[in-house]
Amino acid sequence: MQVYLDNNATTMVDPAVTEAMIPFFSEIYGNPNSLHRYGTASHPAITKAINQMYKAINASDKDDIIFTSCATESNNWVLKSVWVDKILNGDKNHIVTTEIEHPSVLSTCKFLEEQGVKVTYLPVNDQGIVEAHTLRSFITEKTALVSVMWANNETGMIFPIKEIGEICKEKGVLFHTDGVQAVGKIPVDMQNVHVDFMSLSAHKFHGPKGIGALYIRNSEELTPLLHGGEHMGGRRSGTLNVPYIVGMGKAIELATENIEEKMVSIRAKRDRLEDALLAGLSDVMVVGNRDNRTPNTILISIRGVEGEGMLWDLNNALIGASTGSACASESLEANTVMLAIGADNELAHTGIRLSLSRFTTDAEIDYVIERFENAVKRLRAISSSYAIVQPTPGGEAGECHIHH
Amino acid sequence: MAKNDLLGGSLWDQYSNKVTTLMNNPNNQGEITQEECDVAGHKLIVADFGAESCGDAVRLYWEVDPANDVIVKSKFKSFGCGTAIASSDMMAELCIGKTVQEAVKITNIDVEFSLRDTPDMPAVPPQKMHCSVMAYDVIKKAAGLYLGVDENSFEDEIIVCECARVSLGTLREVIRLNDLKTIEQVTDYTKAGGFCKSCIKPGGHEAREYYLVDILADVRAEMDQEKMRAAADAGSHGDFEAMTLVQKIKAIDSVVDESIRQFLIMDGGNMEVIDIKDSPDYIDVYIRYLGACNGCASSSTGTLYAIEATLKEKLSQKIRVLPI
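Listed in order, the protein sequences are those of chains Y and W. Going by the numbering used here, the first sequence wraps up at 431, each residue one higher than the last. Going by the numbering used here, the second sequence wraps up at 356, each residue one higher than the last.
It should be emphasised that the hints constitute simulated quantities derived from the structure, not laboratory data. Possibly wrong hints are sitting among the right ones.
The calculated SDA-like cross-link candidates involving lysine to any residue, where the alpha carbons are at most 25 angstroms apart (straight line), are [to be verified]:
#1 Lys-172/W x Glu-423/Y
#2 Lys-130/W x Pro-420/Y
#3 Lys-289/Y x Gln-79/Y
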């Protein structure tokens, strides 16, 4: 058996999605902007995809949902264009975000800091979330934008987007949320929250890679990131990626219809896995209260077992997991979220993220429980943390200075 | 960045087969107890290096025969990734049968080489080189404990790059001899900074006492000073061609002041030195005429020859004077 438990990094494309996409490669291939029938032949499918998108997140007809190449583009677009519109060509100079955003937000903020923008990185509490009242005190008259993720990729913890949106509305500040880890995992209803911009990515909900979107409330002004033709009403140039737009529409429909039922099913498997690991292993800790987590995610810390070593053993058992953000999985650094939530330094290198999908089966969960425990046993048997014979006096090691 | 870097390689695919094998089944994993050693009349040494908070920790066990200082048994325990476990295992293996004094000479390079499948193919990718360094450090620590000396006494020179074992002395010498100007050049010439990169500048994987950026800046500053001093010495001996640009301008100005300007002023004119350009064959002195000299017919003929002849005679035959 092989088990893929890295669905927060990317997901399998649902075969129904692939099937919906196929006609738009070699049969209906016209450019939707062309006047002839080859071009217009794709219009019904694109319209359908747009409708699927609006319905899935309950967007208003006054709102825009613009297809992009990925959520990284969507995040870059909001941050850089708010900088152009409100800071370079306005009287603002400040952006508020959090310490544990995705690199596409954090790196862009670092870039904007180099350009002279003031950026506040909000700390997270021991649950790994930003508290709404913390945000309030950091918003000033000069704040142009607040950017806070809806759910965290590593812990699955869900942020108080409704409360944060209310504060931003009250203060008259634009609010962007990176919704990549929320859409398709938990209900996302744009009529229920005050969000000006939201980034989405298809490949996180069983759609294809290479397509994302940006939700823009009430068609709010935002200078384009990509200039060119008049695609997407001039908001995002580039020939429409028809098969991927069709695929994203289909994928978001499949992921969000009856989402409550899907959540119950995934959560049951996740909880069973989590309970089994907590019961079967000593000295383990799961980050964040499971009731406030996306129902598919577990970030578990295993004392005495280094994360990459654990991934190695899981990989040998044909189980795909992660030590954290896939974008940083080649890095030697400690898990940034673990450090941010104030976990002991000893635990910062021991985090393993298991993320399920609606395709994960009960048999797979049983298999993972067994193999996971075997891996921990083997590695703890080698681990110096579990050694019995103590160092010769004078042979003890000092604590190391950690960089992050 | 180039074609081969576009897709960041898979970290694990870069491990040698030996690393993979030892990671899955380390031969020397385990502990040695005081009781075992007591039975044979041997001495037990246990040393730790690294910490869980760094992401890597190793504990090394030696059973040493005090009669001849031979390490009869060597075991390890490790908190770390695959390469840390494989490096620790190889390190323990290399210790067995050696005297403590011989074991101290085992370096991280020896450990890494022993993990290679073929001599010319590194056993681990650059960012994993530090794992074998830890193996080296824990040996020194164990030896220090056994011999009752400070572990640092085994190091006869200051090591700046632990991964490639490059000393401060080597770095200073190579920078100087090869006139190296950038960190990339230093890495190309010495391999220092090519692996875990901690020694390049503060803020890397671990804090270091010496950083390549500082060493390079220091040596360059020393070299510049020496050059200036040499030029100044040369200047005082009248070697115009060896002077720095500023010294050349000063020397020309002083010749102009002493021997030329007075004649120009007598005719209601003057001149100033604008620039100097060195080439292998000529030293071109660009000047500008002022006052009556400006536009005077003689300024491009007789007066010019006179100025050039004076500078040639007083300073260098390579001088050409060019009015602009």
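Status of the hints after comparison with the structure:
Proximity of Lys-172/W to Glu-423/Y is assessed by CA-CA distance (about 13 angstroms); at most 25 angstroms being required, the pair is judged to hold. Proximity of Lys-130/W to Pro-420/Y is assessed by CA-CA distance (about 23 angstroms); at most 25 angstroms being required, the pair is judged to hold. For the given pair, Lys-289/Y sits about 18 angstroms from Gln-79/Y by alpha-carbon distance, which is consistent with the 25 angstroms threshold.
The structure shown violates none of the earlier numbered hints.
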